[in-house]
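Enquirer: Spelled out, the chains give:
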Amino acid sequence: MDGIINSEIMIIILAAGIRLATPYLLAALGEMFVQRSGVYNLGVEGIMMMGAFSGFYATLQLGSPLLGIAVSLVVGALMGLLMALVSVTFKAEQGISGIGLYMFGWGLSGLLFRLYVGGITSVEGLKAVKVPLLSSIPFLGPVLFDHNGLVYTAFLLVPVTGFILFKSSWGLNVRAVGNKPEAADTLGVSVVLIRYQCLIVGGMLAALAGAFLTIGQANMYADNITAGRGFIAIALVYFGRWSPWGILLGSLLFSLADSFQSMVQVLGINFPYELAVVLPYMVTIIALAISYGRVWAPAALGKPFQRGTRG
Amino acid sequence: MVKKIEHLEMVGITKRFPGVLSNNNVNIQIKTGEVLAILGENGAGKTTLMNILYGLYKPDAGKILLNGKQVSINSPKEAIALGIGMVHQHFMLVPTLTVCENVILGLSKSFIVDIKTATQRIREITDTYGLAINPDAYVWQLSVGEQQRVEIIKALYRGANLLILDEPTAVLTPQESKELIQLLRNMSAQGNSIIIISHKLHEVMSLSDRVTVLRDGEVCADVCTRETSQDALAQLMVGREMAPCQREGTFSPGKAVLELQEVYSQGDKGTEALTGVSLTIREGEILGIAGVSGNGQKELAEVIAGLRKLSKGKISLNGKESTKMSPANIIEQGLGYIPEDRLRVGTIPSFSIWENLILKDHHQRPFAKHLLLQNRVIMSHSSSLVEKYGIKTPTLETPTSSLSGGNIQRVILAREITRSPVALVAAYPTRGLDIGATEYLHSKLLEARSNGIGVLLISEDLEELMSLCDNIAVLYEGRVMKVIPVEEANERVLGLLMAGIAEQAS
Amino acid sequence: MKKRVFSLLLAVLTLLALSGCGAKPTAQTPAPAPEAPKVEKLRIALVLPATVDDLAWGQSMVEGLKAVQKTMGEDKVEVAISEKLGGAVDAGSAIRQYATQGYDIIFAHGSQYQSVLTEIIKDFPKTTFAYGTGFTTHPNVFAYDPQAQEGGYLLGMLAALMSKSGIVGIIGPMESGDAVKYNYGIQQGVIAGKAEVKSRIAYTGSFNDIVGAGNMAKTQMSAGADILTGSSQQAVGALRAVAETKNAYWLSTDMDQSGIAPDHVLAAQVYNWEKIVKKIIELRKAGTLGGQHLTLSLADGTIELKYNAKLADKIPAEAKAKIEQAKKDIISGKLKVELPKK
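Protein chains in written order, with the numbering used here: chain A, 1 to 311; chain B, 312 to 817; chain C, 818 to 1159.
In short, the hints are calculated from the structure, not lab data.
These numbers come from a predicted model, not from an experiment.
Keep in mind that a hint or two might mislead.
[Stated by the list, open to error] Have a look at the derived ranges for each label pair, beta carbon to beta carbon:
| id | chain 1 | residue 1 | chain 2 | residue 2 | range |
| --- | --- | --- | --- | --- | --- |
| 1 | B | P710 | A | A92 | 17 to 27 Å |
| 2 | B | W451 | A | G107 | 36 to 46 Å |
| 3 | B | L618 | A | I290 | 45 to 55 Å |
| 4 | B | G587 | A | V160 | 32 to 42 Å |
| 5 | A | T89 | C | K1063 | 46 to 56 Å |
| 6 | C | E936 | A | L112 | 53 to 63 Å |
| 7 | B | V331 | A | A92 | 24 to 34 Å |
[Said to hold, decoys possible] Here are some of the chain C residues that sit facing chain A, going by a computed Cβ distance under 8 Å:
| id | residue |
| --- | --- |
| 8 | L872 |
| 9 | Y1001 |
| 10 | Q1004 |
| 11 | G1022 |
| 12 | G1031 |
| 13 | K1035 |
| 14 | E1061 |
[Stated by the list, open to error] 25 Å max Cα-Cα, derived DSS-like pairs, lysine-lysine:
| id | chain 1 | residue 1 | chain 2 | residue 2 |
| --- | --- | --- | --- | --- |
| 15 | A | K167 | B | K388 |
| 16 | C | K1095 | C | K1123 |
| 17 | A | K91 | B | K369 |
| 18 | A | K303 | B | K699 |
All C-beta atoms in this analysis are idealised placements derived from N, C-alpha and C, irrespective of residue type, glycine included.
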């Protein structure tokens, strides 16, 4: 066994953990807004797939990952809009419509790939950007400040979404709508509008998470590229108790467990790989199960809003 | 800034709902500084009328005149802009937000919420009217009375000078009610107009300047409070003369039917809710449980019904120990139960009336034979109960949730009493009911008593307890302070015991 | 409601944890062939767990079938393909549908289809079924079985001889079937090539998570590996990660993957499915509907070692000679590449 965990190995594990956390963080922060407004969107995975494809395809065609990101944001917004139409306007059962959206996103992204790309092709994706000065800090520099733009974006979004949710008037509306829509409604806050906005924001962030996979990590596209990451993101919203910092903690826990187990395998440390592979999932499930009893979910989560017809 | 409402008038308001004419050509008016009470039984159309004024419903006919000019109010937002505020019976507060956040919800035009300024303004309002409240507290931490104050602040913050309160004291303790009445008087003295919806006569009498009485959707009287009396209003409201219910005949209890010995149990939050309660209820006795709600009443009813576990102690029902029996066994042993939450615990809201009427017996003869429901038997049984108990419903198939509170209580009563139980637990059976329904329920409880049923009556209404019960036990912090015969009971004695003061009470 | 969603989530998570990959509920229905069947036309169907363009297991078979179709004539052979049938239920219904429509030979191209087949084959005794990797046969079922360890051995030697860091990284999907054989071959080859070179295996836990494989490759490289390889559809993700570096190389299996990374794929183990398909067609014509265990091996040319012409000059001649000798020894039987003992 040549695997002693020295500081160099630690840097690799931590840096990879930061990188791996990005898609979960993006998608989960989006879903946080959605659930805070009282809707749960199980279609995150499908939106991620569409975002992954559109980001990839636009990058391939237009030659710029930034344009790829822009296109994926638009596609994500449209997917969110679709979910809003079905679950808010038509008041469809949210679990079912979310799964429907997932299937739709998977099917459509696969079809579009077949029609317009046809085979495995790689693209020039986002490049790592070293943050001047900060990246030369020993240990922390390579861990935190040597990533591509989307990684920084995802982590910056944690305080930003926190501020929006807890300090802005829109965030106040979102929290009210998700907890007691009738109350918000009587005060002139449009429940429907807020939920639409949240689903669109959630869709955009999920699509961004997908685009990160294709143009920020793999630099190619393949069917089912998300491989369940959207569902993990939803679980992380529960884990993080609908707060950005909790979601950050959950994402890091999951992805650090993942990068740690990868390194354990690579270094040939004697540990059954089957256990190593499920380690991040187990850590999350256990943490989730322990914490769930005490969580405070948005009270109106999953309930379509209907103004009373008879008081 | 919102214009002052000098005078507001609703003229010829008519509103139909499928199958119901809720308001029929209703006229009301109110002027600055006045307290108008809208009095009526449940279903008389009071709330509908106010929801029209607040922009929640659109009237089918009629108009609203504000300071002499016609206005159309299409949403709460528009009502608020005109200076009309409403405090709903069920509070419209977001429990997970702070008081301040609730108050400013929907108001902030800027991206960032200015909590500081808002807190400042809330303090100004609370100081003006003497509303003690901490703007930074979360709403879920507040008592019901405090939450109501938040609702009032919410309306005032938006510049309301006409305040509508829908059954404001229904959820309050007597003390809180007194405080509220004081507050509303204070507000009207400072030039605000107040409309309260109520069916509580004494409250209307003590608070209002004028009373508009609604019956079956029509105005049947519009009088100055000073020129009328409680009895006159009651008659107007119910439409007939009221015979007060009074316990009669001598108290000749039989054997014990329900006995609690040193019962301990935990509340929902894991704290001890009952600490050593011992009680005996005998045949033909009504034992009252007095006390401020939250002192173990709910848990007491639930342990008897088998819905809550005992941590210590013993309960016997009809001579058999029922401590560990399942609720089904306890029902079989002869316990009738009228729960506090009549809609969700007492019935299955989405079930039809006939289904709820046979809820406890549907599995046995004559209602079921060879696993099949006997529809003909059930229907004739149900329709005779509907008739006998005067349940007002379009059909037997109507979902129970669409009935009024009084009618739901009749459904439960019909089901529980026809099963001829040996003991009946009734938790707050008249809470929220109007006079007619209350009177009816009282008569049924007395009828049960004379049929030899042992009744445990939990209530906050001391008058009710003193007119119905043979003995009254006072519950305070999970224990029985004292059991006193009704002859020795009066408001002062009971009040002291309810406050946990035992010595001076005797 | 909240509880229900929560338990749903837990269930999905647990599923993900157990399978290591997403569930696959969708199915493409097999393309129907409504035209009147001509007597002479041979109808072949292929059912794939992943996609036709996965640059690996699936695509290599598709290309083999296309080659057969080309040599025998488009009018003589019809080929229908259903992809993305990872789930046994969906795959089973597709296979049954093909059989009902009268296809002559149905390739169920995945070891996971073995149990599905046993339920279907009895109803269609005149149809020939073939599946792999596997060895259990039935009267109308062929099992095919690439000796992946043979090519793996040669690639392992190449890796050891080419590695500067002395570390060869293997990115496996799961410890099963073909992947185990291949990895076993690589490991033995590495030892044979240069005793002091180490090989490191890490599994992604998924057959199709290319992002995961890419990340695993990054971890491998950051821990020192400079020659990498891996099998199944997920491997292209790892290959792409290798292609982004300057001084690492990739060895591909199942098919030649140098197309998407011409500067990074040194060599490939290539399965020649055309020969296997042809053999099955011949056997069927001769009246043998199944019952044979067909292996792919270096000996009969169904497995080939293919160097990337563009990088040919990077490989020293003596290394090539050494590998060539090993290949001869394997073919002659002098060298036996061992398989894991079960």
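Enquirer: For this structure, which hints from the list above don't hold up?
Expert: 3, 4, 6, 9, 10 and 18
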